[in-house]
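Residue numbers (the UniProt record's numbering), protein chains in the order written: chain A, 1 to 415; chain B, 1 to 415.
No lab work stands behind these hints: they were computed from the structure.
Please note that a few of the clues may not be correct.
[As the list claims (entries may be wrong)] Cut-off 27 Å, straight-line C-alpha distance, at most; resulting in silico cross-link-like pairs (DSS-like, lysine-lysine):
1) B:K191 <-> A:K191
2) B:K191 <-> A:K188
3) B:K314 <-> B:K237
4) A:K83 <-> A:K155
5) B:K414 <-> A:K237
6) A:K269 <-> A:K291
7) B:K188 <-> B:K10
8) A:K410 <-> B:K314
9) A:K269 <-> B:K410
10) B:K56 <-> B:K188
11) A:K155 <-> A:K188
12) A:K414 <-> B:K237
13) B:K237 <-> A:K410
14) B:K10 <-> A:K109
15) A:K191 <-> A:K12
16) A:K237 <-> A:K10
17) B:K109 <-> B:K410
18) A:K109 <-> A:K314
19) B:K155 <-> B:K10
20) A:K314 <-> B:K414
21) B:K155 <-> B:K188
22) B:K410 <-> A:K83
23) A:K410 <-> B:K270
24) B:K410 <-> A:K314
25) B:K83 <-> A:K414
[As the list claims (entries may be wrong)] Computed footprint of chain B on chain A, listed as stretches where at least three residues anywhere in the stretch have a Cβ under 8 Å from a Cβ of chain B:
26) 73-87
27) 230-243
28) 360-374
29) 378-392
30) 405-414
Being a predicted model, the structure only gives us computed values, none of them experimental.
Virtual Cβ for every residue (Gly too), placed ideally from N, Cα, C.
There are 2 protein chains.
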Amino acid sequence: MSELLAKAAKAKGSAQGLGVKTTEQKNAALHIIADQLISEIHFIMGENEKDIENAKQKGFQASLIDRLVLNTQRIQDMADALKQQAELNDPIGDVLESWDRPNDLAIEKVSVPLGVVGMIYEARPNVTVDAASLCLKTGNAVLLRGSSSAAHSNKALVDVIHRALEQSDLPADAVQLLEDTSRETASKMFKLNDYLDVLIPRGGNNLIQTVVEQSSVPVLETGSGNCHVFIDESADKQMAIDIAVNAKTQRPSVCNAAETVIVHVAWAKKHLPELIQALQHHDVEVRGDDKAQALAENLIPATEEDWATEFLDKTLAVKIVPYAQAAIEHINQYGTSHSEAIITESDDNMLAFFNNVDAAALYHNASTRFTDGFEFGFGAEIGISTQKLHARGPMGLPALTSTKYIIRGKGQIKA
Amino acid sequence: MSELLAKAAKAKGSAQGLGVKTTEQKNAALHIIADQLISEIHFIMGENEKDIENAKQKGFQASLIDRLVLNTQRIQDMADALKQQAELNDPIGDVLESWDRPNDLAIEKVSVPLGVVGMIYEARPNVTVDAASLCLKTGNAVLLRGSSSAAHSNKALVDVIHRALEQSDLPADAVQLLEDTSRETASKMFKLNDYLDVLIPRGGNNLIQTVVEQSSVPVLETGSGNCHVFIDESADKQMAIDIAVNAKTQRPSVCNAAETVIVHVAWAKKHLPELIQALQHHDVEVRGDDKAQALAENLIPATEEDWATEFLDKTLAVKIVPYAQAAIEHINQYGTSHSEAIITESDDNMLAFFNNVDAAALYHNASTRFTDGFEFGFGAEIGISTQKLHARGPMGLPALTSTKYIIRGKGQIKA
Chain A
1 MSELLAKAAK AKGSAQGLGV KTTEQKNAAL HIIADQLISE IHFIMGENEK DIENAKQKGF
61 QASLIDRLVL NTQRIQDMAD ALKQQAELND PIGDVLESWD RPNDLAIEKV SVPLGVVGMI
121 YEARPNVTVD AASLCLKTGN AVLLRGSSSA AHSNKALVDV IHRALEQSDL PADAVQLLED
181 TSRETASKMF KLNDYLDVLI PRGGNNLIQT VVEQSSVPVL ETGSGNCHVF IDESADKQMA
241 IDIAVNAKTQ RPSVCNAAET VIVHVAWAKK HLPELIQALQ HHDVEVRGDD KAQALAENLI
301 PATEEDWATE FLDKTLAVKI VPYAQAAIEH INQYGTSHSE AIITESDDNM LAFFNNVDAA
361 ALYHNASTRF TDGFEFGFGA EIGISTQKLH ARGPMGLPAL TSTKYIIRGK GQIKA
Chain B
1 MSELLAKAAK AKGSAQGLGV KTTEQKNAAL HIIADQLISE IHFIMGENEK DIENAKQKGF
61 QASLIDRLVL NTQRIQDMAD ALKQQAELND PIGDVLESWD RPNDLAIEKV SVPLGVVGMI
121 YEARPNVTVD AASLCLKTGN AVLLRGSSSA AHSNKALVDV IHRALEQSDL PADAVQLLED
181 TSRETASKMF KLNDYLDVLI PRGGNNLIQT VVEQSSVPVL ETGSGNCHVF IDESADKQMA
241 IDIAVNAKTQ RPSVCNAAET VIVHVAWAKK HLPELIQALQ HHDVEVRGDD KAQALAENLI
301 PATEEDWATE FLDKTLAVKI VPYAQAAIEH INQYGTSHSE AIITESDDNM LAFFNNVDAA
361 ALYHNASTRF TDGFEFGFGA EIGISTQKLH ARGPMGLPAL TSTKYIIRGK GQIKA
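Next up, chain A with everything else stripped away, as it sits in the complex:
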């Protein structure tokens, strides 16, 4: 039997037993893992050093090597995150709805674990611990497939998790790591419908699109964000500038950063130069349409392609529109249904924006940068879903649950 099938079977074999563990048993296990990470910190760092050495020999960029590093602080952060997850509400076993039928059947809809979660992710080894702990907290077994560049680190972390789980009430088999990180094996993972209830890809757009296109296992897609800030006619000047600058520059490389600012022509005639100046003061390269170029100086001409581009750096496109509806249409045409903001003092335009823009998160007078499980108060984040099935937007622990119906009768048969 291949490593893939053997480990998938182990994960599945452990799922039923794991799924009925109590909140106390699961939380205790998270604490044991946290403590084990600290007590084995030198082992982890030693194994991590092998990945760092390999990466250096292969000539990886400094930023990529930095993502691989596990130092004392980062391991302590992982341990802290585990203890915080232990504090979170356990969504398993909640009675979500209950009702009685005219024939006296009593129906309950109860939250249960998904079963076995497959995770395919890149580089950062902290995802290994994060994914494992979120799955354990929600009673799910997990089959992890990390990056080959983090192979030693990931194996060390899962070895530590196994040693911790053996001291706990949870089955150690519930966390499985594939040592074979070949693409062929990942492709086989896409077809493991008999073992996996969901696949969650975390990483770049190429990885996610490959999984979406090839997986027959249901996928939770966490995709790209071409996000907009629309500054309406009535927008407060300073609020609009602050939000546009924040949405673009506070962390340009993430999916909830803004890529295009759309400006109502009346506001632009008064304030566009000041907005551009503020953006340029933060080293933003601003690309404007014809009207923006006519209203402000030092703009690079925007191309059609710019409207559809997730720059992920300090580049921003600016478009001028004659009325709010044109902004809504632009967003629905070019956006990726992630996070969209309107800055306005008009309730009508706010409501039109909320009703007619199709996106996971819609903001009135706030930055798009708040689309995030922690900012939403979920205490944890599985990722930000860009699909409409199962979960949309920031996903907390409930995204890792399914339901079952419990029906209590007194001998009812169907007529």
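Given chain A, work out where chain B should sit, using these hints.
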């Protein structure tokens, strides 16, 4: 442009406008469609006659031809169903959750339509109207791909729906039917992620498995049911016999019918012959394991394959177990996680069954035949989901919804 892309684009183009129609506008449209079906009943039956003639010439079985027939009664039933759907609660626009964050952001989670639903289905033309109306009620556009054997009937029904929608406030483009029913076109539909938010296959297991395996569009899987009734030691004799007979014989061809009855050995020693007699009285062919054969006469030996078979006819496998946990293990090994029943007077065994059997619907002292959107009180049924993502078990209107987050701020930016 191909018919597929043109119609997918029309559906998508209409989705945003449809999604914000009021409940009153949507319900009015359902009534207009119902009336139009009746006023064009002769047109529909005339077109249906062409499909019937084709089917007869191709030598279809009588049962398949019967599924195709649209007579006065069946068209009236469709119209009645439309009017009943108009009465159902509209799940769109519900505020599902709302909370404030410490930074004063006010967050609401609101239910919204999925967008565009793709339906791939076999034979029965009533599914055309049912799918279209359920989608319209929930503000979703729909791209329909029916069977070639029902091509004239489906086109007539969608023509009627279009003429009705033109009298309504809803966009007529929201309902699209593919006239090209080739497999190649269906395969292309599996890859229309830019146009379709979900694909729902309705039909036989082959169709569903093909869609699950090949679609990159997220799928709502409505699959097969290898359902069990477990008769525990303490089960009431007559209740157990009545439920086993009902679960097997009330409608053997459907997914929530029982395929195996598992019997506790102590109950079997007292009552197995009477159970077998009752089943055989309903023309059930009973296949028993060695122990069942020793306790009752006239049993055909059950094979290993029988435990995994969804007979879908009046065939039933019977297995004897020494204790309840063995029944739970058998069900988790061979079941398809659809509907499972325990007949017992023991609360402990009921709870063990509820906690440890992994299935969409778990029954205590009731027939598995109740797993159904109408029996659950949903007033409509999209299908019975056998996957764990998004929806599990009978799906009512909320299964055709997604969510968006609405966040109201006062100028908040991320620190």
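* **8 Å C-beta criterion, at least three residues: is the segment 405-414 of chain A covered by chain B** => holds (count 10)
* **Hint consistency between K414 of chain B and K237 of chain A [alpha-carbon to alpha-carbon, up to 27 Å]** => holds, 18 Å
* Asked: Between K410 of chain A and K270 of chain B, is the straight-line Cα distance small enough, at 27 Å or below?
  -> Within the cut-off at roughly 22 Å; holds.
* Asked: Is the Cα-Cα distance between K410 of chain A and K314 of chain B 27 Å or less?
  -> Distance of about 25 Å is within 27 Å: holds.
* To do: Would you check chain B against the segment 73-87 of chain A, counting CB to CB pairs closer than 8 Å, and say if three or more residues qualify?
  => violated (count 0)
* Between K109 of chain A and K314 of chain A, does the CA-CA distance stay at or below 27 Å? -> violated, 47 Å
* Does the alpha-carbon distance linking K314 of chain A and K414 of chain B stay inside the 27 Å limit? -> Distance of about 17 Å is within 27 Å: holds.
* Does K109 of chain B pair with K410 of chain B here, judged by a C-alpha cut-off of 27 Å? -> holds, 19 Å
* Does K410 of chain A lie within 27 Å of K237 of chain B when you go C-alpha to C-alpha? -> holds, 13 Å
* Below or equal to 27 Å on CA atoms is what counts here, so check K191 of chain B against K188 of chain A. => This hinted pair holds, its Cα atoms lying about 20 Å apart.
* 8 Å C-beta criterion, at least three residues: is the segment 378-392 of chain A covered by chain B -> holds (count 5)
* Hey, K155 of chain B versus K188 of chain B, does the alpha-carbon distance stay inside 27 Å? -> Holds: K155 of chain B and K188 of chain B sit about 21 Å apart, inside 27 Å.
Going down the numbered hints, you'll see the structure goes against 10, 14, 16, 18, 22, 26, while the others check out.
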